[in-house]
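As given, the protein sequences belong to chains X and B, one line each in that order.
Positions 1 to 308 (the working numbering) are the ones given, in order, by the first sequence.
Positions 1 to 308 (the working numbering) are the ones given, in order, by the second sequence.
Honestly, the hints are just simulated from the structure, not real lab data.
Keep in mind that a hint or two might mislead.
[To be verified] With a cut-off of at most 30 Å between alpha-carbon atoms, the simulated DSSO-like pairs for lysine-lysine come out as follows:
#1 X/Lys-162 x X/Lys-95
#2 X/Lys-114 x B/Lys-248
#3 B/Lys-95 x X/Lys-114
[As the list claims (entries may be wrong)] Quick list of the computed label-pair ranges, beta carbon to beta carbon:
#4 X/Asp-190 x B/Ser-301: 50 to 56 Å
#5 X/Glu-163 x B/Asp-59: 44 to 50 Å
#6 B/Gly-233 x X/Gly-19: 56 to 62 Å
#7 X/Asp-190 x B/Asp-203: 53 to 59 Å
#8 X/Gly-19 x B/Ser-153: 28 to 34 Å
In this text, a Cβ means the ideal position worked out from N, Cα and C, and glycines have one as well.
There are 2 protein chains.
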Amino acid sequence: MQRQAIFSGVITPVLTPYGEDGAPDPDRFVEHCHWLLEEGCTALAPFGTTSEGNSLGLDERMELIEELVDDGIDPAKLMPGTGTCALADAVMLTKHAVDLGCGGVLMLPPFYYKAPSEEGLFRFFAEVIEGVGDDRLKVYLYHIPPVAQVGFSLPLIGRLIKEFPETVVGLKDSSGDWSNTSAILKAYPDLEVFPGSEVFLLDGLRNGAAGCISATCNVSAGAIRNVYDNWQGPEADKLQAGITAIRKAIQAFPMIPALKALIAHYRQDPGWAKMRPPFTELPAAEAEKVVRTLADAHGFSLDFSEAA
Amino acid sequence: MQRQAIFSGVITPVLTPYGEDGAPDPDRFVEHCHWLLEEGCTALAPFGTTSEGNSLGLDERMELIEELVDDGIDPAKLMPGTGTCALADAVMLTKHAVDLGCGGVLMLPPFYYKAPSEEGLFRFFAEVIEGVGDDRLKVYLYHIPPVAQVGFSLPLIGRLIKEFPETVVGLKDSSGDWSNTSAILKAYPDLEVFPGSEVFLLDGLRNGAAGCISATCNVSAGAIRNVYDNWQGPEADKLQAGITAIRKAIQAFPMIPALKALIAHYRQDPGWAKMRPPFTELPAAEAEKVVRTLADAHGFSLDFSEAA
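This is chain X alone, in the form it adopts within the complex (with noise of 0.2 Å):
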C-alpha cells in the first residue's frame, strides 16, 4: 500500500542571505523564500548544505523559520535541517520545527566522528525521534557521504523505516551516485526518495522518485519544476536536457558562492553575494564569468521584478 506523499516535486535547500555585520538578514531570506515559491517550487529546505545551515547557530536557525512562518509561508511546505552533530541540539531543533508546524525535518546523521557503527547510528535517530515524541514529526534522512562522510547505508535505512514507519518517510540522495538513489528506489518503494541534483530528475521519477531538491533550483525552479510536471510528455528528454545543461554549467563554480552571485547580479544586490565563513565569496571577476558563461550559453537569466 502507498502512503499519501507528504512531500513531492521540486525543493529548494534556500541559499542564506546575511547582512552587513555578517548575521542572516531575515528581510532578504524571507523575500527570497517568496520567490522561489512564486517561481514554481512546491516546498523549501532551509538549513540544508546550500542554505550554509551547519554554518548556523541555533538560535540563528530557529529566529529564521519563525520569520518564514510569521510571513506566512505555509509550514507544511517546509523541510528544515535540523540534524547536528550533537543528540541535544537535534532534539531541540527538531521539537522546535515541529512545533511550527513544518511538514517534516531533514536530518544529517551525527557527522565529527566517522565511520561509526550502524547500531550506533540507528540509535542517534531512535534517541531524536523518542526524544521528540510527536507523531506529526517527519524525517528525511540527509545522504550527502561527500561532505558530511557519514551516511546512510541500506540495511541503516531498512531498520529505521521497519522500527519507526510512520516518521523515517523519506529521503534525500546527494550521493550523486545514481545506482545508490536506484538500489534506495528499488529496496523500498514506499520512501519518498529524492535525488540531490536535478540531474537525476527524470530518471528518478521514471524509477518512483518523489522530485528532487537541489542547490540550483534557487536559481532554476521554474524549468526544474517544468520537467517535473511533464515527465510523462514528449519533451521530457530534451526538457531534462535543458536543466541538466544549466547545472552542469554552473556546478563548473564553487556551487554556493555562485549561485549568490547571480542572485545578487539580477538583484543588483551586491550584498546577497556575502557568505559566511569557512567559504568566501567568490572574486569579482569569477562572479562575472558565472553570469557571463550562464547568459552566453544558455540564455540564463533571473526576473525578480514582479518581486515582493
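Starting from the known structure of chain X, fit chain B onto it as the hints suggest.
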C-alpha cells in the same frame, strides 16, 4: 622573547559520563575531574574528541563546565573545547568559557564543509576572536585531521599567530604524524604545542613542546606525568617506553569505549561505560578483554580508593 607559558604538562580531554537517562552526569564528571588532577594532570580539556564533545549539546557543555567551577576546580586549569561548525555557536561557547575564567579554549576548525580555503578558515577564527572581543581569551588550535578532516596548515597557523599574537597561543596536534608536529615546533617556537598522544611526549619535550593532551591521560595520568617530570633525567627513555606500551595496548581497542570500560571496571560502576550515539559501548567480552590485557601485560590497574 619567550612568553610565559599559560598551559604546560599533562592535559586530559576528559571523558563524559552519562546517567541512566542518557544525559551527562555531572556528579560522575566532577568526581572524575578531581581524581585526574590528584593523579597528576596539570590541566583538563573537557569537550575534546575523547569527551564525545561534539555529541554534547551547547547547553549541556555550558552546564558541565559550570559544575566544575562551582565545585572548586580552578578555571585557570580548564581548556574546554568550544569549536563548532557554526560561527555563532562557537562565539557563544567561547565567550561563556572566558567569562567563567577558563585559562584557554581548544578550538576545532569548522568541520562540516570540506576543503575550505585558508582565507575562509582564517576569517572564521578572526570572526570568533573579534566576536568574543576579550583580551583574556587564549585560543589553542585543535588539529585533528583524521576525525575533523579539516585542519590547520603551517601557513594558516602562521597567519593566525601573526594577526592575533596575544590570543592564538597554542595548538594540539592530533595528526598522529610526528613530522607535522616537528615542523610546527620548528616554525613557531613560541607556540605552546601539545602532541595529541603521549607516544610523542618525550620527543616533543626534547623539541620544545609544552606537554601533551591525550585521551589516555584519563587512565594513565600518573605515569605520563612521571615522564613529564623526568624528561631530562637518565630514566626518561625507559619511562617513555612504558607509557607508549600502555597507549598501544589501549588503542588496539576502540579508544573511547575502552577507556570508559576501564574506569567502569575499577570503579565498580558499570554505568560509567555508557556511550552516547553514534558511539556504542564495548560488548561485555571486549570490555573484559581490555581490562585483562592491560592487567596481564602491563600490570595496569586504577586505584580509586582515595577518590572523593
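- Message: Output the indices of the hints that this structure fails to meet, ascending.
- Response: Going through the list in order, the structure violates hint 5 alone and respects the others.
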